[in-house]
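*Asks:* Top line first, the protein sequences correspond to chains X and L. Its first residue numbered 15, the first sequence is counted upward by one per residue in the numbering used here. Its first residue numbered 29, the second sequence is counted upward by one per residue in the numbering used here.
Keep in mind that the hints were calculated from the coordinates and are not lab data. Hints are not guaranteed to be accurate.
[As the list claims (entries may be wrong)] Each pair of labels, with its calculated beta carbon distance range:
| id | chain 1 | residue 1 | chain 2 | residue 2 | range |
| --- | --- | --- | --- | --- | --- |
| 1 | L | Leu157 | X | Val176 | 30 to 38 angstroms |
| 2 | L | Gly191 | X | Glu111 | 49 to 57 angstroms |
| 3 | X | Ala288 | L | Thr81 | 49 to 57 angstroms |
| 4 | X | Ile34 | L | Pro239 | 41 to 49 angstroms |
| 5 | L | Val114 | X | Ile30 | 54 to 62 angstroms |
Being a predicted model, the structure only gives us computed values, none of them experimental. We put the beta carbon where it would ideally sit given N, CA and C, even for glycine.
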Amino acid sequence: MHDNEHTEHHHEESFIRKYIFSLDHKTIGKQFLIYGLIMFFVGGGLALLFRWQLAYPDQPLPIIGASQQYLDEGEVVTGADRMWERIYDSDKEEWLEVSMPSGVITPEFYNMLFTMHATIMVFFVVVPILVGAFGNFLIPLMIGTRDMAFPILNMLSFWLAVLAAIVMAIGFFVPGGHAAAGWTGYAPLSADPQWTGVEWGQNLWAISLLIQGFSSLVGSINYITTIINMRAPGMTFFRMPLVIWSLFIVAILLLLAFPVLSSALALLIFDRLAGTTFFSATAEGGGDPLLWQHLFWFFGHPEVYILILPGMGIASELIPVFSRKPIFGYRSMVYAMIAIAFLGWIVWGHHMFQSGMRPGMGNFFMTTTMLIAVPSAIKTFNWLGTMFRGSIRFTTPMLHGIAFVSMFVIGGLSGIYMANTPVDIYIHDTYYIVAHIHYVVFGGSLFAIFGGIIFWFPKMYGRYMNDALSKIHFWLTFIAFNCTFFPMHILGVGGHLRRIANPQQYEYLQVFEGMNIFITMSAFTLGFAQLILVFNYFWSMYKGKVAEQNPWHVNTLEWEAPTPVPHGNFGQIPTVYRGPYEYSVPGEESDWIPQAQPEHAPATSGD
Amino acid sequence: MEIVIRIRRKTENEKHLDYEIGIMMAQNNVEIRDRQPLSNARLGILVLLGAETMLFSGLIGTFLVFRVGNVTWPPPSHIGIELPRVVTGINTALLLLSGYTMFQAWRAIQKDRVKQLRNWLLITGVLGLLFLGVQGSEWVQLIRNGLTLQSGVYGGIFYVLIGCHAVHVLSAVIWVFIVFGMAMAGRFSASRYTGVDTCTIYWIFVVALWPILYVLVYLS
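Make the full structure from the sequences, and use the hints.
*Replies:* Written as structure tokens, this is what we have:
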């Protein structure tokens with residue numbers, strides 16, 4: 015009896031060990047997912063603030079802004095007026111009073127908003143969700159192992175990311191405001207406080223990204239080691255699901271790209287705090303602002319592929335499952351991803367056509383950039399080939415998968431225009447660039463993320479997400495997304511600059527007022543549509559319909575594990591006998607053959 | 029770092045054998061894994077070195093941008109400042125020697141010679157400390173001569189690049205002493221020496237990096 019109690023006590027983990035400082039890859043994955051969703055709302059909120067400023071320049075924000083009567087006559091009408099009066103009456107100069115007096119966004123605050131929107135979305139939303147959440151949750155389950163190679167490092171990776179987020183959050187409240195040099199932190203704007211008026215904000219920005227770099231480093235070491243060393247028996251590299259391939263390639267990119275940014279950030283911190291002049295053009299001892307751009311984009315362009323490759327991987331899981339067909343050209347999918355990852359290293363100069371570069375170098379970067387269209391097109395046609403004549407099931411994850419492919423095509427095509435040096439001279443630094451990046455990262459990566467969340471939710475929590483809410487969320491997001499970002503192409507061609515606080519100041523941009531208002535309204539719709547997703551997520555965790563072990567009839571190994579997946583994942587480690595996409599095999603009774611199913615004679619090859 | 033992936037296509041016979049083995053394993057509740065050429069720890073540390081290489085590539089690239097961009101090096105404002113080439117040359121030899129002693133420590137534990145392991149580890153750690161000591165005294169001398177972090181990109185990149193390496197040596201020395209402590213506690217044997225193994229790989233990396241920096245920063 016006593017013995018029994020003792021063993022039970024041993025197995026029962028405390029709340030803290032189970033949910034907070036957990037070593038289990040599934041819990042860490044969910045932690046990353048919730049972390050990313052929280053930061054998604056922070057980053058999205060910032061976007062809505064500056065969208066308001068672009069549509070209604072220098073007018074008080076709704077709800078928290080002061081009323082017109084208050085501005086004109088000092089007459090308190092609304093609750094917000096009272097708040098502003100209290101703020102103005104206090105002797106202390108409050109944060110709100112400096113950054114948005116009476117609810118009007120100042121140009122300095124506007125600079126901070128777009129800088130932090132991009133920084134948070136790139137480093138604290140898309141990468142943590144795609145790589146941190148899906149990577150952690152899926153890799154051990156899909157390759158058939160019990161956990162990551164280094165569980166303690168895995169936990170460290172998450173908590174370093176939390177520390178980075180806290181440091182980044184503190185930056186909002188220090189005097190001088192947060193970093194305002196753009197997410198690219200171009201020197202000398204970032205290197206010398208005199209240009210942006212930002213002191214500690216920019217320092218904290220750099221320090222936070224350094225910490226985030228450590229988190230990524232630890233995570234990628236874990237992913238690479240796990241994927242190389244811990245695959246289940248029979249799981250050869252070419253039997254791995256494509257999402258695992260994409261995460262493997264991305265881990266290598268992160269591993270090699272982030273340290274270059276770290277070195278640049280370290281130099282930046284030395285410039286700001288220790289009086290060096292690495293990025294200063296005017297200092298006596300020399301220094302080179304262009305150096306920052308080279309270092310940043312040498313990291314930055316692989317980073318762009320870090321943001322999209324896992325999305326491609328997720329789409330490659332969703333599309334065959336819901337077309338009930340094998341993925342078209344499995345091996346070409348893998349080689350295309352490797353080619354994209356490789357080309358990603360030699361194209362960074364296409365961000366710098368306008369920065370002063372030998373024209374010959376511009377041609378080189380133009381050519382290599384346009385070459386990326388080839389593997390990207392291979393992937394797109396393979397997705398289409400997978401759907402062609404399939405028995406497509408238009409479930410919500412599939413809708414997201416199709417949205418991913420179509421939005422990625424638009425984003426990819428606009429990328430080819432920008433890669434042309436003559437065209438880029440015209441559209442550089444305009445809203446055309448903003449449209450492109452959002453079509454790729456929102457239209458691409460985020461639709462894949464949404465699809466992935468809905469698809470793997472039954473495995474994560476043992477319940478379905480509410481389908482009606484998911485569908486409403488999908489259609490609202492899809493329509494509002496296109497209404498928000500498509501007109502930006504037109505703004506860009508019209509010469510609308512990318513980082514100006516008040517377009518109405520320029521006569522030639524005044525015609526775009528209506529379009530800016532339309533974009534802002536769409537953006538608010540887009541923002542509020544995301545509330546549906548989050549409500550659905552947390553509601554379905556407890557109240558969703560209970561799901562069976564393999565609700566979508568998928569072949570890959572994660573669906574072999576019991577639901578919800580216990581600590582250690584599998585009763586017995588499954589042996590893999592075939593590739594991951596054997597759907598509708600001719601002559602078979604069922605239209606899917608799980609990878610671990612041994613009854614049939616072994617399949618001839620992985621693809 | 030380069031990761032080579034070799035896939036050999038299995039013959040039909042081998043596939044059937046795999047299949048039979050799988051059935052037998054499932055029946056007997058046996059769990060086996062493919063034997064991997066590299067252990068997790070070793071692979072992990074090699075992957076880490078890939079990242080370290082890129083970190084130093086960023087800094088060395090910065091150095092080269094300034095070095096190539098200036099006609100005279102050191103720039104005219106720094107004429108009269110001489111980097112201590114000879115002392116650092118001797119120091120380089122010292123560090124390379126520590127690479128050899130670390131390798132001997134690694135060889136010793138493979139032959140289960142725990143006492144030798146301890147001795148070689150101690151020598152390695154002391155050599156590392158000696159290297160750092162000489163570096164430190166050189167820095168003091170240079171700062172007295174007027175070469176500081178603030179003296180233009182010449183001083184800046186010198187201290188950042190060499191300092192970054194010094195931090196790596198310091199962490200490697202701490203690691204060696206931790207491994208030394210573990211060796212004193214009798215934690216290693218010929219069949220169990222992951223701690224020595226990973227530490228050796230890291231140490232060799234830090235040692236091998238130095239001659240490159242020496243040639244670039246001190247001799248070019």
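*Asks:* Hint by hint, say whether it matches the structure.
*Replies:* Now the hints, each set against the structure:
Judged by the Cβ atoms, the range 30 to 38 angstroms given for leucine 157 of chain L and valine 176 of chain X holds: they are separated by roughly 36 angstroms. For the pair glycine 191 of chain L and glutamate 111 of chain X, the supplied restraint of 49 to 57 angstroms is violated, since their beta-carbon distance comes to about 42 angstroms. Separated by about 25 angstroms at the C-beta atoms, alanine 288 of chain X and threonine 81 of chain L break the suggested range of 49 to 57 angstroms. Checking the proposed 41 to 49 angstroms range against isoleucine 34 of chain X and proline 239 of chain L shows it holds: the Cβ atoms sit about 46 angstroms from each other.
At roughly 57 angstroms, the beta carbons of valine 114 of chain L and isoleucine 30 of chain X sit within the given window of 54 to 62 angstroms.
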